[in-house]
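Those protein sequences? They're chains F and U, same order as listed. When the count follows our numbering, it moves up by one through the first sequence with no breaks and lands on 367 for the last residue. When the count follows our numbering, it moves up by one through the second sequence with no breaks and lands on 651 for the last residue.
Quick caveat, the hints were computed from the structure, so don't treat them as lab data. Cβ coordinates follow ideal geometry from the N, Cα and C atoms, glycine included. Honestly, I wouldn't trust all of these hints.
[Unchecked claim] In silico contact screen, one side only, chain U against chain F (beta carbon under 7 Å); selected entries: (1) Pro536; (2) Glu539; (3) Gly540; (4) Gln550; (5) Gln558; (6) Arg561.
[What the hints assert, rightly or not] No farther apart than 20 Å at their CA atoms in a straight line, the calculated lysine to aspartate or glutamate pairs in the EDC-like style are these: (7) F:Lys334 / F:Asp291; (8) U:Lys543 / F:Glu75; (9) F:Lys175 / F:Asp291; (10) F:Lys175 / F:Asp88; (11) F:Lys123 / F:Asp150; (12) F:Lys123 / U:Glu547; (13) F:Lys175 / U:Asp409; (14) U:Lys543 / F:Asp291.
Chain by chain, the residues:
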Amino acid sequence: MTAATASTKATTSAPDPADSSTATTVEFRALSKSFGATVALDGLDLTARPGELLALLGPSGCGKTTALRMLAGFERPDSGQVLVDGQDISGVPAHRRDAGMVFQSYSLFPHLTAADNVAFGLKMRRTGAAERRKRAHELLELVGLPQHADRFPHQLSGGQQQRVALARALALRPKVLLLDEPLSALDAKVRVTLREEIRRLQQELRITTVFVTHDQEEALSTADRVAVMRDGRLEQVAAPAELYDTPATAFVAEFVGTMNRLPGVMADGDVEVLGQRLPVRGAAPAQGPVDVLVRPEALEATADGEGRSRVLTAAFHGSVTRLTLSLPDGATVKADVPSHRAATLPAGATVTVTLPQRPVLVDGPTA
Amino acid sequence: MTLRTKAPAGMLAALPLVLFMLVAFGLPAVAMLTGAFSTSSDAPGGAQWTTANLTDSVQGAYLTGLVSSVKLSALSALLAAVLGLPLAQAVVTSRHRALREGVLAASGVLANFGGVPLAFAFIATLGNAGVLTEHLGLTGAGWSLYTFWGLVIVYLYFLLPLMVLAITPALEGLRKQWREAAQNNGATGFQYWRYVALPVLAPSLLGGYVLLFGSAFAAYATAAALGSGSVPLITVQIADALSGNVLVGQGNIALALSLDMVVVAGLVMAVYVPLQRRSARWLD
Numbered sequence: 001m002t003a004a005t006a007s008t009k010a011t012t013s014a015p016d017p018a019d020s021s022t023a024t025t026v027e028f029r030a031l032s033k034s035f036g037a038t039v040a041l042d043g044l045d046l047t048a049r050p051g052e053l054l055a056l057l058g059p060s061g062c063g064k065t066t067a068l069r070m071l072a073g074f075e076r077p078d079s080g081q082v083l084v085d086g087q088d089i090s091g092v093p094a095h096r097r098d099a100g101m102v103f104q105s106y107s108l109f110p111h112l113t114a115a116d117n118v119a120f121g122l123k124m125r126r127t128g129a130a131e132r133r134k135r136a137h138e139l140l141e142l143v144g145l146p147q148h149a150d151r152f153p154h155q156l157s158g159g160q161q162q163r164v165a166l167a168r169a170l171a172l173r174p175k176v177l178l179l180d181e182p183l184s185a186l187d188a189k190v191r192v193t194l195r196e197e198i199r200r201l202q203q204e205l206r207i208t209t210v211f212v213t214h215d216q217e218e219a220l221s222t223a224d225r226v227a228v229m230r231d232g233r234l235e236q237v238a239a240p241a242e243l244y245d246t247p248a249t250a251f252v253a254e255f256v257g258t259m260n261r262l263p264g265v266m267a268d269g270d271v272e273v274l275g276q277r278l279p280v281r282g283a284a285p286a287q288g289p290v291d292v293l294v295r296p297e298a299l300e301a302t303a304d305g306e307g308r309s310r311v312l313t314a315a316f317h318g319s320v321t322r323l324t325l326s327l328p329d330g331a332t333v334k335a336d337v338p339s340h341r342a343a344t345l346p347a348g349a350t351v352t353v354t355l356p357q358r359p360v361l362v363d364g365p366t367a
Numbered sequence: 368m369t370l371r372t373k374a375p376a377g378m379l380a381a382l383p384l385v386l387f388m389l390v391a392f393g394l395p396a397v398a399m400l401t402g403a404f405s406t407s408s409d410a411p412g413g414a415q416w417t418t419a420n421l422t423d424s425v426q427g428a429y430l431t432g433l434v435s436s437v438k439l440s441a442l443s444a445l446l447a448a449v450l451g452l453p454l455a456q457a458v459v460t461s462r463h464r465a466l467r468e469g470v471l472a473a474s475g476v477l478a479n480f481g482g483v484p485l486a487f488a489f490i491a492t493l494g495n496a497g498v499l500t501e502h503l504g505l506t507g508a509g510w511s512l513y514t515f516w517g518l519v520i521v522y523l524y525f526l527l528p529l530m531v532l533a534i535t536p537a538l539e540g541l542r543k544q545w546r547e548a549a550q551n552n553g554a555t556g557f558q559y560w561r562y563v564a565l566p567v568l569a570p571s572l573l574g575g576y577v578l579l580f581g582s583a584f585a586a587y588a589t590a591a592a593l594g595s596g597s598v599p600l601i602t603v604q605i606a607d608a609l610s611g612n613v614l615v616g617q618g619n620i621a622l623a624l625s626l627d628m629v630v631v632a633g634l635v636m637a638v639y640v641p642l643q644r645r646s647a648r649w650l651d
């Protein structure tokens with residue numbers, strides 16, 4: 001039986017699909033935390049809406065895991081508050097918080113079977129053995145592993161272990177689900193399958209979920225909203241499409257997806273780039289040279305015998321082909337074109353590169 | 368082709384070990400077995416096969432010595448295991464690296480600090496005229512180093528560090544995520560130790576206990592140097608029988624007593640080996 005079919009069947013007897021109207025709000029309010037001289041969180045303000053999957057995305061050391069661990073109760077803030085449904089839980093010990101957590105890896109208890117791992121929390125709450133067994137079975141069905149109930153963790157694959165960990169995190173019907181890079185130790189194929197599984201479960205249960213990841217693709221494809229963090233601060237929180245299309249800062253623009261930097265010059269509030277004059281979005285210096293941030297798919301490369309740019313390489317990526325272009329001033333940029341058009345743009349071809357007449361983000365000395 | 372050449376080469380590499388085992392373990396074992404089941408060549412009629420040595424070795428004073436040795440070893444190993452676990456945990460969780468390394472280095476030394484020097488150190492401090500005994504007036508309180516409990520304390524001096532050394536790797540194998548996952552599932556600190564840490568450590572703890580038991584059971588020099596006749600121990604009895612301290616011509620009895628010890632040690636190992644395997648499997 002596949003995981004997908006098993007879990008679909010189990011849905012009816014699964015954990016209480018929480019009504020979205022009763023789902024939980026999580027709020028980080030002015031949260032700060034330092035470890036010695038290192039500032040992990042610097043006044044973080046962020047809210048996870050009821051029933052949404054909020055991804056915390058950022059490079060290593062940006063504070064995303066610290067924020068999650070504070071929500072779980074494993075770290076105490078130096079200042080600020082963690083609120084769940086409006087109640088400050090900053091001082092509540094970890095074992096009394098109503099949050100199920102899936103760790104990065106290796107968190108299953110090695111001496112317990114999959115079923116006993118899932119039922120562990122129920123045992124701590126002194127639930128009867130029969131009820132524990134029933135609930136563990138339900139949850140293992142939910143994650144597609146009912147046939148592995150009696151296996152020990154070392155007898156399960158990495159993906160299966162994380163499914164069991166997910167079932168364990170849901171066993172106590174928590175208000176909030178916390179995912180601390182749960183897919184990072186898995187191979188690429190399993191990672192994709194499991195993230196889809198997590199998303200499906202989260203939507204079925206309508207459980208407010210905070211998902212920490214450093215993988216932008218994972219965050220964009222899984223989350224309702226993505227919060228990009230940098231140096232303990234929030235850079236931007238937005239829906240994936242908004243984050244990708246209209247990043248608020250150069251950092252977000254470059255961290256999420258691929259971004260070109262084209263040399264431009266500010267003039268009267270607009271920017272001159274590639275011989276075009278374009279309006280500017282967001283903060284920008286009044287004048288002087290700037291970098292214009294443009295996605296590869298926003299650049300238009302047209303075959304032109306008179307063109308002053310040149311195709312250096314063309315890499316086939318399925319529906320699109322990524323061109324590496326050399327601009328007249330020597331700068332190198334990436335441009336994505338539909339693969340059916342790529343035949344007219346082989347390596348060595350001369351092209352004209354243009355930008356659509358839309359506001360662009362610039363990065364300059366005062367931007 | 369490769370297999371054909373590899374197999375003899377592999378066996379050749381193992382030859383030094385095989386030879387060592389034959390000389391250091393095989394020959395003494397054969398000598399002990401034949402000696403335990405035969406009479407002395409000095410006896411009237413020469414050496415003959417017999418089971419009398421073995422029968423005698425589990426009777427009377429010898430049985431008392433065997434039982435006493437087992438009791439002393441079992442109890443001192445238990446105390447060392449119980450006290451050693453929190454000590455090792457303190458070492459593992461210490462933030463001060465120097466302290467941690469210092470304790471582990473000291474444990475390495477003290478675990479091997481048995482024998483005559485240890486006995487003398489205790490006689491000088493806690494013996495009948497020992498510094499602490501007189502200073503604290505312990506004699507009046509009924510204290511004597513030359514009793515069962517006195518020996519337990521002396522044995523603890525080298526068993527406790529041995530336990531720290533034995534259990535530290537297992538404690539280091541406890542993952543931080545297990546504690547946090549337990550907390551996340553509503554477990555208190557006590558429940559984490561009760562339902563996660565101790566069950567995970569159980570094979571290592573038992574393995575450590577068995578190791579301590581074996582070490583205490585085989586200890587001779589410390590007890591002999593203490594010169595305590597009030598606590599009969601099988602190792603001291605073997606030495607007495609070999610040296611003719613009590614009766615002459617008891618060499619074969621000594622070998623039978625040694626065989627008794629081998630049987631006990633065999634039982635110990637029969638428990639220890641599978642437990643170690645199980646422990647390693649969990650902590651992989």
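Hint check:
Annotation: interface hint on Pro536 of chain U violated; nearest CB of chain F at approximately 15 Å, more than 7 Å. At about 14 Å, the closest approach between the beta carbon of Glu539 of chain U and any beta carbon in chain F exceeds 7 Å, and the interface hint on this residue is violated. Hint status for Gly540 of chain U relative to chain F: violated, with the closest Cβ pair at about 10 Å, above 7 Å. The interface hint given for Gln550 of chain U holds, since its Cβ lies 4 Å from the closest Cβ of chain F, which is under the 7 Å cut-off.
The interface hint given for Gln558 of chain U holds, since its Cβ lies 6 Å from the closest Cβ of chain F, which is under the 7 Å cut-off. Using the Cβ-Cβ criterion of 7 Å, the hint placing Arg561 of chain U at the interface with chain F is not satisfied: the shortest such distance is roughly 10 Å. A distance of roughly 15 Å separates the Cα atoms of Lys334 of chain F and Asp291 of chain F; the hinted pair therefore holds under the 20 Å criterion. For a cut-off of 20 Å, the pair hint linking Lys543 of chain U to Glu75 of chain F stands: about 13 Å separates their Cα positions.
Among the hinted pairs, Lys175 of chain F with Asp291 of chain F is inconsistent with the structure: their alpha-carbon atoms are about 45 Å apart, more than 20 Å. Under the criterion of a C-alpha separation no larger than 20 Å, the hint pairing Lys175 of chain F with Asp88 of chain F is consistent with the structure, at around 15 Å. Between Lys123 of chain F and Asp150 of chain F, the direct Cα distance comes to roughly 17 Å. Compliance with the 20 Å bound is thereby established for this hinted pair. Of the supplied pair hints, the one linking Lys123 of chain F and Glu547 of chain U holds, its CA atoms being roughly 16 Å apart against a limit of 20 Å.
Distance restraint check for Lys175 of chain F and Asp409 of chain U: the Cα-Cα separation of roughly 86 Å exceeds the 20 Å cut-off, and the hinted pair is therefore not satisfied. A C-alpha spacing of about 45 Å is found between Lys543 of chain U and Asp291 of chain F, which places the hinted pair above 20 Å, so the restraint is violated.
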